[in-house]
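Engineer: One-letter residues, chain by chain:
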Amino acid sequence: MITLAVIGARQELAGAFEAIGVSAVAVADATEVVDSQPDAGWDALVIDLGLDPARGIAIARRVDEALGLPILAVADLASDVTDVPEIDDFLLVPINADELRIRLGRLTSPTGTTDETIRFKDLELNLATYQASAGEVPVDLTFMEYELLRFFMTHPTRAWSRAQILSQVWGYDYFGGSRTVDVHVRRLRAKLGEERSSWIATVRSVGYRFG
Amino acid sequence: MAMEKQAEYVLSTVEERGIRFVRLWFTDVLGFLKSVAITPAELEGVMEDGMSFDGSSIDGFSRIQEADMIAKPDPTTFQLLPWRPDEGGVARMFCDIVTPAGEPFDGDPRWALKRNLRKLSERGYTLDIAPELEFYYFTDASPAREVLDRGGYFDLTPLDVAQEYRRRSIVVLEQLGIPVESSHHEQSPGQHEIDLRGADALSMADQLLTARLAIKEVAMESGMYATFMPKPLQDAAGSALHLHLSLFEGELNAFHEADDGLSKVGEAFIAGLLTHARELTGITNQWVNSYKRLHGGFEAPTFVTWAHNNESALVRVPTIQPGKPERTRIEYRSPDPACNPYLAFSAIVAAGLAGIERGYELPAEVLENVAVTDGDTMALSGVERLPSGLDEALDALEGSELMKEALGDHIVEWFLKNKRDEWRRYRRHVSLFEIEENLPIL
Numbered sequence: 001m002i003t004l005a006v007i008g009a010r011q012e013l014a015g016a017f018e019a020i021g022v023s024a025v026a027v028a029d030a031t032e033v034v035d036s037q038p039d040a041g042w043d044a045l046v047i048d049l050g051l052d053p054a055r056g057i058a059i060a061r062r063v064d065e066a067l068g069l070p071i072l073a074v075a076d077l078a079s080d081v082t083d084v085p086e087i088d089d090f091l092l093v094p095i096n097a098d099e100l101r102i103r104l105g106r107l108t109s110p111t112g113t114t115d116e117t118i119r120f121k122d123l124e125l126n127l128a129t130y131q132a133s134a135g136e137v138p139v140d141l142t143f144m145e146y147e148l149l150r151f152f153m154t155h156p157t158r159a160w161s162r163a164q165i166l167s168q169v170w171g172y173d174y175f176g177g178s179r180t181v182d183v184h185v186r187r188l189r190a191k192l193g194e195e196r197s198s199w200i201a202t203v204r205s206v207g208y209r210f211g
Numbered sequence: 001m002a003m004e005k006q007a008e009y010v011l012s013t014v015e016e017r018g019i020r021f022v023r024l025w026f027t028d029v030l031g032f033l034k035s036v037a038i039t040p041a042e043l044e045g046v047m048e049d050g051m052s053f054d055g056s057s058i059d060g061f062s063r064i065q066e067a068d069m070i071a072k073p074d075p076t077t078f079q080l081l082p083w084r085p086d087e088g089g090v091a092r093m094f095c096d097i098v099t100p101a102g103e104p105f106d107g108d109p110r111w112a113l114k115r116n117l118r119k120l121s122e123r124g125y126t127l128d129i130a131p132e133l134e135f136y137y138f139t140d141a142s143p144a145r146e147v148l149d150r151g152g153y154f155d156l157t158p159l160d161v162a163q164e165y166r167r168r169s170i171v172v173l174e175q176l177g178i179p180v181e182s183s184h185h186e187q188s189p190g191q192h193e194i195d196l197r198g199a200d201a202l203s204m205a206d207q208l209l210t211a212r213l214a215i216k217e218v219a220m221e222s223g224m225y226a227t228f229m230p231k232p233l234q235d236a237a238g239s240a241l242h243l244h245l246s247l248f249e250g251e252l253n254a255f256h257e258a259d260d261g262l263s264k265v266g267e268a269f270i271a272g273l274l275t276h277a278r279e280l281t282g283i284t285n286q287w288v289n290s291y292k293r294l295h296g297g298f299e300a301p302t303f304v305t306w307a308h309n310n311e312s313a314l315v316r317v318p319t320i321q322p323g324k325p326e327r328t329r330i331e332y333r334s335p336d337p338a339c340n341p342y343l344a345f346s347a348i349v350a351a352g353l354a355g356i357e358r359g360y361e362l363p364a365e366v367l368e369n370v371a372v373t374d375g376d377t378m379a380l381s382g383v384e385r386l387p388s389g390l391d392e393a394l395d396a397l398e399g400s401e402l403m404k405e406a407l408g409d410h411i412v413e414w415f416l417k418n419k420r421d422e423w424r425r426y427r428r429h430v431s432l433f434e435i436e437e438n439l440p441i442l
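Top to bottom, those sequences are chains A and B. Residue numbers for the first sequence follow the working numbering, so the first one is 1 and each next one is one higher. Residue numbers for the second sequence follow the working numbering, so the first one is 1 and each next one is one higher.
If you're looking for bench data, these hints aren't it; they were derived computationally from the structure. Beta carbons are placed, not taken as given, at the ideal position from N, Cα and C, and that holds for glycine. Treat the hints with care, since some could be wrong.
Said to hold, decoys possible - Per the computed footprint, the stretches of chain B lying under chain A, defined by three or more beta-carbons under 8 Å from a beta-carbon of chain A, are:
no.	stretch
1	12 to 24
2	76 to 83
3	174 to 184
4	299 to 313
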């Protein structure tokens, strides 16, 4: 079982740990993580950046320097973590348990033998190779189309507003506004083909829902 | 979004899909696609540092003494080309052109559009464009060419053999991430139209260049020829590139006013287009042949007018369904599909923005069918005519401070030189018309 040192986990993160069956131990700060290793047997450190990203990043730097432990951050905004080399991977809230499992698996198994494929019906998305396929035929996506499809597939069945999708996928107030989302949804639908295009449903006066 | 992640995505996809070549695309001033192919081994370095090439070999680019140019691929435009075989596939990326010092190159049409769109965004606006792309299928490009079918507007008949190419083109466009709204047979035999779903102006310019190539490639697979020439047949309709423009301020359609009408901003934008229409026509209609379409009937606009739902107007404001304010748009009807979309969109943005910034007043709409009105009547009512030929359009462009500012001196100077030369060659040409009409009697 994967053993994680966890700093500042919000409720939904704690729930996700339980759902995927990992051992998550709450720790207070960098000193505690460093001092308890190797006895504690940490496989990775998970930091929920929460309200104070600067503190979380400082902890990440100390732990990385002292232990070189794989570090996964949980963030509200991608821009909080994209320029921090000590953070090996990150998850954006809301948290999807499957995505958490895949990312933790990848972080703690350097041979990359874990299953990193997300599936919906005959649609497959491989997070390690960035490749999508539909009915086993490759679907050629641009990077943002891939990111958008990844968001949809890891966050299915609920409706998302354009603004939410924009901040989750593009990570900041992207130039061009939320119609950027419409444009990319159209492209995704076109590439997925007619029979799958309805999987990305338009929710009137809200936004979009996948699955 | 971190650029490195995009680059990583491109590199990973190239490896996973066994891409053999990556084509780096950009256009010359007239909008012809230029392409440099690189191998996957070179890709990582090129993504970081760009690809050097001899700019003096590209029409309208640098002079010999400043020949070195660098093409910097835009990883967001990475796309596999579906008309190449899967084994050893080919992908493309659009490029921005920079000087060895890393400065954007003034002769790069894509940069000109980015500059104009930035100006628009500084005022809080973004522009969406949805084009109607018209073209002809011929058996080949020779003078003896024949149209591929005998169909007419909206026809669905077995005679419409080209329908198959059009259908196949749409499949390819969708694979390329270019969503198609609709398509149909146009008025004339062999003529077709594919309407693209709207997108921001820069993406749309990239998409149009890609669509033109894709449609030609698909026709070529079957030994046929697709053409975007503005007026390939004298007695049939020309091919237009009607542009549906929507301006947004944040999430709101800036052309829309509460009572389902046109906003002040919308009126000023149209007024800008009308005021500067003569100056920008050289850019939206850049060939000698373009003016055979504009003055050849078949609903092509000839006069500088606007109207709701009048197919003969230069600017049309289509009726929208009640309760769909986000669909409010204007249609600019003069451009033809043989323009350089980067420059055409730049000119349109500049004219519309001038209308907003300088508070131009919108003249009254012209409801009559101006296509059948004679020029004298229109002149009496103060309505201008679009340039009657390329030379007149170039004169108007040369005298336009707005266009020089929008496109930059480098592009305008080279454009005028190249196009004046085309006009000179045309002026010397003794046509079939003269031989047939004059030789027997003079």
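Engineer: With reference to the structure, classify each hint as holding or not holding.
Structural biologist: Cross-check of the supplied hints:
With 4 residues bearing a CB less than 8 Å from a CB of chain A, the stretch 12 to 24 of chain B meets the requirement of three and the coverage assertion stands. For the stretch 76 to 83 of chain B, the proposed coverage by chain A is satisfied: 6 residues have a C-beta within less than 8 Å of a C-beta in that chain, meeting the threshold of three. Given as covered by chain A, the stretch 174 to 184 of chain B passes the check, having 6 residues with a CB less than 8 Å from a CB of that chain where 3 are the minimum. Coverage of the stretch 299 to 313 of chain B by chain A is violated [criterion: at least 3 residues with CB-CB distance below 8 Å; count 0].
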